[in-house]
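All chains, please: the whole structure from these sequences, using the hints.
Chains as they are written, first to last, in our numbering: chain A, 1 to 425; chain B, 1 to 425.
One or more hints might be untrue.
Note that identical chains are pooled: a pair holds if it fits in a single copy or bridges any two copies.
[Said to hold, decoys possible] Computed cross-link-like contacts, DSS-like style, restricted to lysine-lysine with a CA-CA straight-line distance of at most 30 Å:
#  : residue 1 : residue 2
1  : Lys386    : Lys87
2  : Lys312    : Lys322
3  : Lys92     : Lys200
4  : Lys173    : Lys396
5  : Lys368    : Lys396
6  : Lys316    : Lys382
7  : Lys109    : Lys396
8  : Lys194    : Lys35
9  : Lys246    : Lys322
10 : Lys327    : Lys109
11 : Lys173    : Lys216
12 : Lys396    : Lys216
13 : Lys4      : Lys322
14 : Lys35     : Lys173
15 : Lys246    : Lys112
16 : Lys173    : Lys87
17 : Lys100    : Lys368
18 : Lys109    : Lys194
19 : Lys348    : Lys327
20 : Lys348    : Lys316
21 : Lys194    : Lys243
It is worth saying that the hints were derived from the structure and are not from the lab.
There are 2 protein chains.
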Amino acid sequence: MDNKLTVELISVGTEILMGNIINTNAAFLARECVKLGLSCYYQDVVGDNEGRLTDTLNRAIDRADIVILSGGLGPTQDDLTKEVSAKCMGRKLYMDETSKIAIAEYFVKVGKSPTDNNWKQAMMPEGCIILPNNNGTAPGCIIEDNGKHVILLPGPPEELELMYRESVEPYLKSLISGTIYSKMVKICGVGESKAETMIKDMIESQTNPTIATYAKTGEVHIRVSAYGEDEAAAKKLTKPVVKELKERFGNSVYTTDENVTLEQAVVDLILANELTVGTIESCTGGLVAGRLINVPGVSEAFKSGLITYSNKSKRKLAGVKKSTLDKYGAVSRQTASEMAAGMAALAKCDVTIATTGIAGPDGGSPDKPVGLVYIACFVCGKVTVKEHHFNGSRAKIRNNAVTAALNLMRNCILEYYSEKTFGKK
Amino acid sequence: MDNKLTVELISVGTEILMGNIINTNAAFLARECVKLGLSCYYQDVVGDNEGRLTDTLNRAIDRADIVILSGGLGPTQDDLTKEVSAKCMGRKLYMDETSKIAIAEYFVKVGKSPTDNNWKQAMMPEGCIILPNNNGTAPGCIIEDNGKHVILLPGPPEELELMYRESVEPYLKSLISGTIYSKMVKICGVGESKAETMIKDMIESQTNPTIATYAKTGEVHIRVSAYGEDEAAAKKLTKPVVKELKERFGNSVYTTDENVTLEQAVVDLILANELTVGTIESCTGGLVAGRLINVPGVSEAFKSGLITYSNKSKRKLAGVKKSTLDKYGAVSRQTASEMAAGMAALAKCDVTIATTGIAGPDGGSPDKPVGLVYIACFVCGKVTVKEHHFNGSRAKIRNNAVTAALNLMRNCILEYYSEKTFGKK
Numbered sequence: 001m002d003n004k005l006t007v008e009l010i011s012v013g014t015e016i017l018m019g020n021i022i023n024t025n026a027a028f029l030a031r032e033c034v035k036l037g038l039s040c041y042y043q044d045v046v047g048d049n050e051g052r053l054t055d056t057l058n059r060a061i062d063r064a065d066i067v068i069l070s071g072g073l074g075p076t077q078d079d080l081t082k083e084v085s086a087k088c089m090g091r092k093l094y095m096d097e098t099s100k101i102a103i104a105e106y107f108v109k110v111g112k113s114p115t116d117n118n119w120k121q122a123m124m125p126e127g128c129i130i131l132p133n134n135n136g137t138a139p140g141c142i143i144e145d146n147g148k149h150v151i152l153l154p155g156p157p158e159e160l161e162l163m164y165r166e167s168v169e170p171y172l173k174s175l176i177s178g179t180i181y182s183k184m185v186k187i188c189g190v191g192e193s194k195a196e197t198m199i200k201d202m203i204e205s206q207t208n209p210t211i212a213t214y215a216k217t218g219e220v221h222i223r224v225s226a227y228g229e230d231e232a233a234a235k236k237l238t239k240p241v242v243k244e245l246k247e248r249f250g251n252s253v254y255t256t257d258e259n260v261t262l263e264q265a266v267v268d269l270i271l272a273n274e275l276t277v278g279t280i281e282s283c284t285g286g287l288v289a290g291r292l293i294n295v296p297g298v299s300e301a302f303k304s305g306l307i308t309y310s311n312k313s314k315r316k317l318a319g320v321k322k323s324t325l326d327k328y329g330a331v332s333r334q335t336a337s338e339m340a341a342g343m344a345a346l347a348k349c350d351v352t353i354a355t356t357g358i359a360g361p362d363g364g365s366p367d368k369p370v371g372l373v374y375i376a377c378f379v380c381g382k383v384t385v386k387e388h389h390f391n392g393s394r395a396k397i398r399n400n401a402v403t404a405a406l407n408l409m410r411n412c413i414l415e416y417y418s419e420k421t422f423g424k425k
Numbered sequence: 001m002d003n004k005l006t007v008e009l010i011s012v013g014t015e016i017l018m019g020n021i022i023n024t025n026a027a028f029l030a031r032e033c034v035k036l037g038l039s040c041y042y043q044d045v046v047g048d049n050e051g052r053l054t055d056t057l058n059r060a061i062d063r064a065d066i067v068i069l070s071g072g073l074g075p076t077q078d079d080l081t082k083e084v085s086a087k088c089m090g091r092k093l094y095m096d097e098t099s100k101i102a103i104a105e106y107f108v109k110v111g112k113s114p115t116d117n118n119w120k121q122a123m124m125p126e127g128c129i130i131l132p133n134n135n136g137t138a139p140g141c142i143i144e145d146n147g148k149h150v151i152l153l154p155g156p157p158e159e160l161e162l163m164y165r166e167s168v169e170p171y172l173k174s175l176i177s178g179t180i181y182s183k184m185v186k187i188c189g190v191g192e193s194k195a196e197t198m199i200k201d202m203i204e205s206q207t208n209p210t211i212a213t214y215a216k217t218g219e220v221h222i223r224v225s226a227y228g229e230d231e232a233a234a235k236k237l238t239k240p241v242v243k244e245l246k247e248r249f250g251n252s253v254y255t256t257d258e259n260v261t262l263e264q265a266v267v268d269l270i271l272a273n274e275l276t277v278g279t280i281e282s283c284t285g286g287l288v289a290g291r292l293i294n295v296p297g298v299s300e301a302f303k304s305g306l307i308t309y310s311n312k313s314k315r316k317l318a319g320v321k322k323s324t325l326d327k328y329g330a331v332s333r334q335t336a337s338e339m340a341a342g343m344a345a346l347a348k349c350d351v352t353i354a355t356t357g358i359a360g361p362d363g364g365s366p367d368k369p370v371g372l373v374y375i376a377c378f379v380c381g382k383v384t385v386k387e388h389h390f391n392g393s394r395a396k397i398r399n400n401a402v403t404a405a406l407n408l409m410r411n412c413i414l415e416y417y418s419e420k421t422f423g424k425k
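The structure is reproduced here in structure tokens:
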């Protein structure tokens, strides 16, 4: 990267210091900084303590061009990020009437009443750029001085992320000469170490664009970022690398758009083909449907879902045969298959997904250990069943099963249409 | 707290600095330190860079009694936590034969061959306490000097956590005089700021035990930690404070056990009363069932669940009357109520929970804005419906609705049994 601006992240709050919340804000901001080509050498966590925060902030201002603080903008006496930052940057606080009105309006919107201490949140450092909070009460701000940029953001992730997207990202982009353009190649169904091995040569020879891999539950994301004089130049540099990644990973790539989730990719595929969908879940107990339904617009396609956790409900609701359950058991290829087909018949839909497995910690046996999950996908009459062996806690096994189920839906729909096209030729 | 030892956590690694992984190690170690009554004032993240790591470590040694470093114990040239720590503490590295044998044995166990650079992992600082790694190759160590304790742990969480449990926790306990005992009072249905106002006097006058509040989605958790000569003494000190909190928050307290989640509390209540349960979800689309089914042992009670996302499925599967849907709409008190009752009849269960609402971002109207959610709970013939107005993203609205649904189940079951008891008198 040609960009030499450095950034330091300071997370303020006792909750992080005491381990009660995991510092996802720092991870989010770090990823965003990487995307912009900013170099981050330090992250700090410090409590709501004037002396220690002053000390940490002064050091950060000294060693970085941009300091992003998160947290400590709340209404209580404890919250002093604004007070300390104003002091370090030689500013006073004043009551900002626009922010005061915005806070009052927020309370009207949520049908609650502000308390006296809420107005503290409208006290802003003199001469700062105010960042409106469209998801809460605390405005953020940017204090600039002497080539240094101190950015204050609220702690709740949904407020921080929206404010970053609306105000901070455009601001940071304005500081950078040239442009960074990045694509996220998202892969499902290939393990992390296998994926890294498959692109080792590309990672080792990277300069511009750079390539970075991120592991998610059952997924690997590869960020390709290029620096160029303008967006077109940067974009041009990413293209051959993204193309190469798509060739190496084939159908395992489900998107190259950062904002598209796996469930979004599945729903897009369903909507594009005017299919209808239903779910029938045992071990994942509603989580596959839960992820699909998180996609806005899914109501066009989603018919209904069943959670058939007991054998009786598998029989009664989904029409799984008693003989199948008796002979093969609830956790079996055959039961999964009958669940998927039964659901398709019941809900009269084109695509169904069925899960049945042993999430643990109990219920395993030598034949059917904890972590064994069968996933069946029905697409327009054809059922495909996959056997999986997952590791870890009950929650981890279930989450891995959900991802595998969404991926199977994707693959089965793609396969159905590729066979159809092939057959027509 | 009477214990004055302080600890600082340093996470070493570019992956955290770039946001590729979330810093769960720091959260784990921070929680464990709080449990032991150690005060943590700073956490740092720094890359595998000699100058910056030396700087960060020297500062930490200066301002804390105990410094715990994680990461950078790998076999590559990049990994230099041991080298830097030895230098800062005035030690040389030597080849530790015991660690070398342990590494060789580990490779035999996992059926792989060590590479030459793996032996670097057996180079240890002179005079240190070696911490065996029973889940990987890199041993950890403790370097003691002049009342300072520098503890080096491997980065992979499953290695770090096992090594902490086996070696570090007993070591830290040996440094501490007396014991810390803590209880977590978990509250649902009272907002964070209201909860804080309700116990402001207790927070302000706290010394031993200390009181700290933590906000979760729809929940507030209050940790009460006391320091005493032994566990019995510490426990005795927490008792009146926990009792006072229970009195102030009444039925909103769902547990005082750190490890019990809201869904666990609901399932415990269901199992204790030998009830059976079913779910019927529209806007939460499977997530209520998903949380309930995350509780091991729920299979005793959970009969089945429905996701009736479309109006048709509400009618066909759950028996909601067409006239109800036509007159009041899918998002209404009446529909929620019929869903809950319909599900109870269909699945023949004692308790059902129904959700219907507008999760957004589209689909809202002035009468029925985005965020409006009706939740109905059926308990043995009686249906209770609550109207909620949630804010934020689609995901946030849905998650808040799930927590509210679980809490309504808890309250309705408690109320049913209290009325029954009262009626008997």
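Comparing the hints with the structure gives:
no., hint, in the structure
1, Lys386 x Lys87, "neither (61 Å within a copy, 47 Å between copies)"
2, Lys312 x Lys322, "both (9 Å within a copy, 29 Å between copies)"
3, Lys92 x Lys200, "between (52 Å within a copy, 29 Å between copies)"
4, Lys173 x Lys396, "between (38 Å within a copy, 28 Å between copies)"
5, Lys368 x Lys396, "within (18 Å within a copy, 37 Å between copies)"
6, Lys316 x Lys382, "both (23 Å within a copy, 25 Å between copies)"
7, Lys109 x Lys396, "between (38 Å within a copy, 16 Å between copies)"
8, Lys194 x Lys35, "within (24 Å within a copy, 39 Å between copies)"
9, Lys246 x Lys322, "neither (45 Å within a copy, 49 Å between copies)"
10, Lys327 x Lys109, "between (58 Å within a copy, 27 Å between copies)"
11, Lys173 x Lys216, "within (27 Å within a copy, 33 Å between copies)"
12, Lys396 x Lys216, "both (12 Å within a copy, 20 Å between copies)"
13, Lys4 x Lys322, "neither (67 Å within a copy, 64 Å between copies)"
14, Lys35 x Lys173, "within (10 Å within a copy, 43 Å between copies)"
15, Lys246 x Lys112, "between (50 Å within a copy, 26 Å between copies)"
16, Lys173 x Lys87, "within (27 Å within a copy, 40 Å between copies)"
17, Lys100 x Lys368, "between (61 Å within a copy, 28 Å between copies)"
18, Lys109 x Lys194, "between (50 Å within a copy, 19 Å between copies)"
19, Lys348 x Lys327, "both (28 Å within a copy, 27 Å between copies)"
20, Lys348 x Lys316, "both (17 Å within a copy, 12 Å between copies)"
21, Lys194 x Lys243, "within (19 Å within a copy, 54 Å between copies)"
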